[in-house]
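There are 2 protein chains.
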Amino acid sequence: MGKPKIVIVGGVAGGASAAAKARRCSEDAEIIMFEKGPDIAYANCGLPYYLSGVIEDRDNLLIVTEKLFHRRFRVDVRIHREVIRIDRARKVVMIKNVETGTTEEESYDRLILSPGSSPVIPPLPGINLPFVFTFKTLEDMDLVHQYLQQRDPQEAVIVGGGLIGMEVMENLWLKGVKVSIVEKLDQILPFLDWDMAELIRHHAEAKGVRFHLSQGLKAIEDRNGSGIVQTEAGQTLKADLVILSLGIRPNTALAREAGLEIGETGGIKVNELMQTSDPDIFAVGDCVESIHRVTGSPFLTPMGSAANKQGRAAGANALGRKIAIKGFVGTVILKVFDLTIAKTGLSEIESRRAGFDPLVTFIHPDHIAGYYPGSKPLNMKTITDCTSGRLLGGQVIGEEGVDKRIDVLATAIYHRMDLQELLQLDLAYAPPYSAARDPVVIAGAVGQNFFEGDWIPITPAVLKEKIEAREDLALIDVRSRMEVLQEGMIPGAIHIPLDRLRDHLDQLDKVRDTVVYCRTGLRSYLATRILMQKGFTRVKNLTGGTMSWGYPLKKGSVK
Amino acid sequence: MGKPKIVIVGGVAGGASAAAKARRCSEDAEIIMFEKGPDIAYANCGLPYYLSGVIEDRDNLLIVTEKLFHRRFRVDVRIHREVIRIDRARKVVMIKNVETGTTEEESYDRLILSPGSSPVIPPLPGINLPFVFTFKTLEDMDLVHQYLQQRDPQEAVIVGGGLIGMEVMENLWLKGVKVSIVEKLDQILPFLDWDMAELIRHHAEAKGVRFHLSQGLKAIEDRNGSGIVQTEAGQTLKADLVILSLGIRPNTALAREAGLEIGETGGIKVNELMQTSDPDIFAVGDCVESIHRVTGSPFLTPMGSAANKQGRAAGANALGRKIAIKGFVGTVILKVFDLTIAKTGLSEIESRRAGFDPLVTFIHPDHIAGYYPGSKPLNMKTITDCTSGRLLGGQVIGEEGVDKRIDVLATAIYHRMDLQELLQLDLAYAPPYSAARDPVVIAGAVGQNFFEGDWIPITPAVLKEKIEAREDLALIDVRSRMEVLQEGMIPGAIHIPLDRLRDHLDQLDKVRDTVVYCRTGLRSYLATRILMQKGFTRVKNLTGGTMSWGYPLKKGSVK
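So the protein lines, in turn, are chains A and B. The numbering of the first sequence is this note's numbering, which starts it at 1 and goes up by one. The numbering of the second sequence is this note's numbering, which starts it at 1001 and goes up by one.
Check each hint, because a few of them may be wrong.
Unchecked claim - For lysine-lysine, the following DSSO-like pairs were computed, each having C-alpha atoms within a straight-line distance of at most 30 Å:
1. B:K1376 <-> A:K510
2. B:K1326 <-> A:K326
3. A:K534 <-> B:K1067
4. B:K1376 <-> A:K136
5. B:K1534 <-> A:K376
6. B:K1207 <-> B:K1178
7. A:K91 <-> B:K1534
8. A:K326 <-> A:K5
9. A:K376 <-> B:K1005
10. A:K67 <-> B:K1376
11. B:K1207 <-> A:K510
12. B:K1376 <-> A:K322
13. A:K322 <-> B:K1003
14. B:K1376 <-> A:K534
Treat the hints as calculated values from the structure; they're not laboratory data. These numbers come from a predicted model, not from an experiment.
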């Protein structure tokens, strides 16, 4: 190529990153970027926060304007232009002007596809009613925002309890709208395990949000000017505003029709250089599949952070560089009212599906030194391969300090670290920032204790099953008398405070299945150590204690 | 050992951790812990915050009481007992009762030394005056606290601008005391590079703290009831209160006299299992040296977080376990008024001393998405081995989000990650927590750009030298006209805004040494790319831009 011609399809995160990087790699290249919509390079992930006014100025969402793209990067940006066909033999794309309907052709040396994804819209009655919106683009945001201003809706139904649904929920709530969530699954935020998702649901319920789980959308109606949402379970919900947030699908039609390989996940298949099955065509962003570094399998990771990296690599590689993208570990974070919830790697259920036998632990340390003002408890779940010891995933919930711990775990998982190796990390310690034992280090120590054979965990879900199946089990609550009186016990438990356990060993059966618990799992670990050393052979410790139990406790009399 | 007898010398972080872990490993062991002082297991790192009342309740600093140690862990805690001699042949220690002066012997199977460190006290005139204090133990804190209550000092001099000195400074300031710092070096916080330390100094100066650098303490006097501090440079400072914070020395006398091997750093030499040169004697905490994972050499890391890990390992290993401590990366963090400053790995100067040829980069990204309310700029310095690409260290300053980035860098350095590999990390992204390009990922991209040959940095210090040496140099400021008018330019620079650079290439000399700069280094990187591709062969980019410049800018006329 003397003067290479780069054509980019799509001008938001991935496309815009590719265009800017391509220019940095070549002053001579001709770079044309087509965008179907009216906007390029806007802050997709910020859109929900404009609804509530948390982000006040719409202009702040516009990261790089068309004008700057031209002036600074000499990129020929053409909005309202949809690329509708790729002729790979002739190395030409066909473009439709979405305003006039006319078409034209443009040749390319290298093509970069960044068409994004589209919201899933089920073909159900009422789905096109004027108070029903999707929430994906800046245009979508403007429409919802305008509707909020003009119509002042009192009640909204969000169909779908995924990440975007929850973010929109919070921002509508901040705006004073009553919000209900309709979700087909038995939990919100399906990338989390059920136990962690339930904590978020309860938190949102306490704010007044109503959840209708395990029921899909059946229809939406306009009954004399009043919106009604009908669920498959027969519920009828009033709705002045409906947001469809049922997930997204990669936009692959263009690639598919051009005969580019599509992966089993439904995303365009690319190699580490973001090259499709046609080496002159690259693809980035929501439309591609990525390699999950834990499973080694392809998965979809429709995140702006991924699109930016992929676009940067494709922009360089389209000009002959060899910048590899080495996969992702599925890190996700979101704010739900006063809580932050984050996940990296595999969830417990995902790890089972991937064929692992997971060790599951819960811990509840403070996010900073407990004696320093403002310390808040964290709820940290780790998932580890029992066989190899490799850390597979983590989930963290709390008011503060969640993002830090998930980023450390994401970095550890990127490096295939063992759970117990977390203990070795030299993390920053001063009372305003952490405890002498950082939560991540504690998770590592808890893991090491397991692999040293010092304890065996039982999860709340498994203990609950055993109790319900009336399995023979000694269940010992080792908390203080005060805690037991105030909070109640797990049904069937007997109470022996930790510091008195050594005096009661002769009343316990050494060969009976025994489960010990406390509030967090720490004191019951100490109890486990006493019992195991005294010849109790079948002891398990309820990991996470009553703070992870998640089911009712029973108040009653205590000796 | 039928019933092993573990004797522990020192009952604070390392010793207390060892005792508790030893009990978890053996119900049968006899565990005796001797502590010279009156307190065990208190929150050493929290002590400064009690002076100001940030931590209100002294009891919160007492983590595990003697009573609980006995009741829960069956550890025989003996306070006011100083172990004064080890007879390795007889496996016996000699203990002095510091209240009565009597001595006794105690035999051991395994001995764990955790005697900590002592503040350096120079033998200077006036050092024992009643208004002169050290600040290391709970007893020290009580004495200073009592003095504050009773004497209401107006002016304090802190001798030594290290970590503890700065923390005490802030807490005295919060109490309304005027504080001056006397420091022998030409910078505070010597684990930082000078450029980063200066930012902290300026921040503290803006709060009213006075610094007297490059001058050591000469004498302290009581002139008719008024305290006076004299510096080596001849300054005389009024001081109602003097805190000596001149660093600490490992307490190794006991080990040394017993013939245990002492390392070149002055700390007790131990292996990965925390075993000294006598396999029956372990040592942990401030008194030992650790392996620095970047240099592979021994160093001192007197941190509570390290002591806890080491103590846990020693407690287990004293009972036959094999828990290894795999070294540290020198992570440090502290709060100084509104700023957090943190460091991991090697500083620039430390990397040079260790024989590396460092690539030094500065970036100034926002800590969260710039469009989200509350975003604050970070100042991140990375130090990388030019030859191998390996990340050697990082320093971060900012109001928010510092601890997260340093912990990710610490985890990356633990794994010998390359700078450019940071680009690959799948860090948690949502607007309240990060930007689509997290600062750590940006640091990785900046590094990749260097190793791809796309730019060469010049540091402020080197540029300043060149300017002062009047080297021939084209210095180009590519910021906007507005920025230049408001903030001034680096002396000798010409102004060509980035977006007009392409039109002015013919006025520039392609073979002349050229340095470009902007506010952060980003726009000047774009300028670098334009120039390099247009045949400019000697272009460097001022890394960190004017935000890292640190020397005066010159206001003047702009074309």
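Structure-based check of all given hints:
1. Annotation: proposed proximity of B:K1376 to A:K510 is violated, straight-line Cα distance about 58 Å (limit 30 Å).
2. Taking the CA atoms of B:K1326 and A:K326, the gap is near 27 Å; set against the 30 Å cutoff, the hint holds.
3. This hinted pair checks out: A:K534 and B:K1067 have alpha carbons roughly 23 Å apart, not beyond 30 Å.
4. Annotation: proposed proximity of B:K1376 to A:K136 holds, straight-line Cα distance about 27 Å (limit 30 Å).
5. Between the alpha carbons of B:K1534 and A:K376 the distance comes to roughly 55 Å, so the proposed pair goes past 30 Å and is violated.
6. About 10 Å separates the Cα atoms of B:K1207 and B:K1178, which keeps this hinted pair within 30 Å; it holds.
7. Proximity of A:K91 to B:K1534 is assessed by CA-CA distance (about 29 Å); at most 30 Å being required, the pair is judged to hold.
8. Distance restraint check for A:K326 and A:K5: the Cα-Cα separation of roughly 27 Å lies within the 30 Å cut-off, and the hinted pair is therefore satisfied.
9. With a CA separation close to 39 Å, the supplied pair A:K376 and B:K1005 exceeds the 30 Å bound.
10. A C-alpha spacing of about 27 Å is found between A:K67 and B:K1376, which places the hinted pair at or below 30 Å, so the restraint holds.
11. Restraint check for B:K1207 and A:K510: not satisfied, since their Cα atoms lie roughly 64 Å apart, outside the 30 Å limit.
12. Pair hint B:K1376 plus A:K322 does not hold up; C-alpha atoms about 34 Å apart against a cutoff of 30 Å.
13. At most 30 Å may separate the alpha-carbon atoms for a hinted pair to count; A:K322 and B:K1003 exceed this at roughly 63 Å.
14. Between B:K1376 and A:K534 the alpha-carbon distance is near 55 Å, which puts this suggested pair outside the 30 Å criterion.
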